[in-house]
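**Student:** With chain A's structure known, arrange chain B on it following the hints.
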Amino acid sequence: MAWGLLVLAGIEEVIATIAMKYMDGTRKKWPIAVMTVGFIFSFFCLSMAMQRIPAGVAYAIWTGVGSIGITLAGLFWFKERFGYKQFLALAFILIGVIGLGMTS
Amino acid sequence: MKWMLVFTAGILEVMWASGLKYADSFLDWTITTMLIAASFILLIRSYKVIPVAAAYTVFVGIGTVGTYILGVLMGEPFSVIQVFFLVILVAGIMGMKNFTKQENTEAGGES
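As you go down the protein sequences, you meet chains A and B in turn.
The letter at position 79 of the first sequence is residue 79 when you use my numbering, and the numbering goes up by one with no holes.
Counting the second sequence from 1 gives a position; my numbering is that position plus 1000.
Hints in this document: simulated from the structure, not taken from any laboratory.
If you're wondering where the values come from, they're calculated on a predicted model, not measured in any experiment.
Glycine included, every Cβ here is placed at the ideal spot set by N, Cα and C.
You can trust all of the hints, since none of them are fake.
When the alpha-carbon atoms are kept at most 27 angstroms apart in a straight line, the in silico BS3-like pairs for lysine-lysine are as follows:
(1) A:Lys85 x B:Lys1048
(2) A:Lys29 x B:Lys1002
(3) B:Lys1002 x B:Lys1048
Computed footprint of chain B on chain A; a stretch qualifies when at least three of its residues, placed anywhere within it, have a C-beta under 8 angstroms from a C-beta of chain B:
(4) 12-23
(5) 55-69
(6) 73-79
(7) 83-95
Derived DEER-like restraints, expressed as beta-carbon distance ranges:
(8) A:Thr36 x B:Ile1069: 26 to 34 angstroms
(9) B:Thr1033 x A:Arg52: 24 to 32 angstroms
(10) B:Met1074 x A:Tyr84: 36 to 44 angstroms
(11) B:Phe1078 x A:Ile40: 31 to 39 angstroms
So here's chain A without its partners, still in its complex pose:
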């Protein structure tokens, strides 16, 4: 249950971040609404999950799910080109964030 909430929070974070990308380019109002609702709902689910899962672990998983999701969105949705060096750097950041969260 708590883990389901955590994954849900990560997915909402990705949706909100994708909406952020649309805000600037198109200057439309709807991405602002999507982003605001997405982040509020995401923080809500995260804090609910933290009731059961240790806060540091929950936060690390949340950012991890978010970063992986946004990278996939960048690659497949926005067609961003990534070199192997960038994937390596991304892996370092993920290992660092998750490792730090798990050991705190």
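**Tutor:** This is chain B only, laid out in the frame that chain A set:
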């Protein structure tokens, strides 16, 4: 130069993340809310030139490093294994910045 937007957004993130933890008055919460808004505005502006995945991951990484260091300065315990992960994380951030910048320069982007 656009990376400065991401770095500034990350530093503001550390400030509002601490605000979420320690704020207990109306003024504190007002400042925290303004910091959140400023931080996201900078991040959104950086998306114009930096790929979403690179910008967001660096943003999150700076937030994690900053809140961790601030926590240690405030007297929270730390261990060797955590410093190890911290070094890996910082290396990842620097790598992401440098490798992404190179690609932008190739495509005729700014330095």
